[in-house]
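Listed in order, the protein sequences are those of chains A and B. If you read the first sequence in the numbering used here, its first letter stands for residue 1, the second for the next number, and so on. If you read the second sequence in the numbering used here, its first letter stands for residue 1, the second for the next number, and so on.
Wrong hints could be hidden among the right ones.
As the list claims (entries may be wrong) - The list that follows gives simulated cross-link-like pairs (lysine-lysine, DSS-like), each with its CA atoms no further than 25 Å apart:
| id | chain 1 | residue 1 | chain 2 | residue 2 |
| --- | --- | --- | --- | --- |
| 1 | A | K99 | A | K42 |
| 2 | A | K99 | B | K26 |
| 3 | A | K42 | A | K67 |
| 4 | A | K42 | B | K26 |
As the list claims (entries may be wrong) - Only part of the chain B face toward chain A is listed, based on derived beta-carbon distances under 8 Å:
| id | residue |
| --- | --- |
| 5 | L39 |
| 6 | Q41 |
| 7 | G42 |
| 8 | P43 |
| 9 | F45 |
| 10 | Q56 |
| 11 | G58 |
| 12 | N59 |
| 13 | F60 |
| 14 | F64 |
| 15 | D100 |
| 16 | T101 |
| 17 | Q102 |
| 18 | G105 |
| 19 | P106 |
| 20 | G107 |
In short, the hints are calculated from the structure, not lab data. Heads up, the beta-carbon is just placed ideally off N, CA and C, and yes, glycines get one too.
Residues per chain, in single letters:
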Amino acid sequence: QKEVEQNSGPLSVPEGAIASLNCTYSDRVSQSFFWYRQYSGKSPELIMSIYSNGDKEDGRFTAQLNKASQYVSLLIRDSQPSDSATYLCAVSPRTGGFKTIFGAGTRLFVKA
Amino acid sequence: DAGVTQSPTHLIKTRGQQVTLRCSPKSGHDTVSWYQQALGQGPQFIFQYYEEEERQRGNFPDRFSGHQFPNYSSELNVNALLLGDSALYLCASSLRGPTDTQYFGPGTRLTVL
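Only chain A is shown next, with the shape it has when bound in the complex (with noise of 0.2 Å):
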């Protein structure tokens, strides 16, 4: 079993719609969570953090985290071509400065 594992896609969804990106986790301590978007040749860009269970909203963006589950989640909201990416989930075991381990990413396509 994958430490972090996501769908690898491509998930296609239309302009305006919203895009659900999930992702598994198998360590159970694990602490901090993030979302990162990664556009073909570049490196990640940050778009999300969450630390506790629930949802956490930022314009577009919602993390939702449940631990008891061990599922991380991003809902984009008003999709948008511009927001066609691989998109990264990354856990870190704990807080702290220690290694964070990244999924394999999910391709999103936004058709116009």
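Assemble chain B onto chain A, guided by the hints.
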């Protein structure tokens, strides 16, 4: 406020050679982590430096080594290059603390021929 910078942008080497990649962290950050990202994969953790010491290491051979300088900048060295070392090498910096959010540099694309 300068972000994370890396040099060089691209590099072409041949098998058996050695390479050094450089990273300057975001202003105010004290921790540098290095990742290797192969095509179609997520970044794989190589190691992390804090207070000029290697604090954690991923599943990479000893051919991969690093250093952190007093100004928090860092180098990644790879010896005896293999074809499989071809990848995007990413540096990420963070401020050690309860929220260790990492910010990535633009990366160095290494091609081994």
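Status of each hint after checking the structure:
no.: 1; hint: A:K99 to A:K42; verdict: 21 Å, holds
no.: 2; hint: A:K99 to B:K26; verdict: 18 Å, holds
no.: 3; hint: A:K42 to A:K67; verdict: 31 Å, violated
no.: 4; hint: A:K42 to B:K26; verdict: 18 Å, holds
no.: 5; hint: L39; verdict: 10 Å, violated
no.: 6; hint: Q41; verdict: 6 Å, holds
no.: 7; hint: G42; verdict: 4 Å, holds
no.: 8; hint: P43; verdict: 5 Å, holds
no.: 9; hint: F45; verdict: 5 Å, holds
no.: 10; hint: Q56; verdict: 5 Å, holds
no.: 11; hint: G58; verdict: 7 Å, holds
no.: 12; hint: N59; verdict: 11 Å, violated
no.: 13; hint: F60; verdict: 12 Å, violated
no.: 14; hint: F64; verdict: 14 Å, violated
no.: 15; hint: D100; verdict: 5 Å, holds
no.: 16; hint: T101; verdict: 5 Å, holds
no.: 17; hint: Q102; verdict: 6 Å, holds
no.: 18; hint: G105; verdict: 6 Å, holds
no.: 19; hint: P106; verdict: 5 Å, holds
no.: 20; hint: G107; verdict: 5 Å, holds
Hints 3, 5, 12, 13 and 14 from the earlier list are contradicted by this structure; the remaining hints agree with it.
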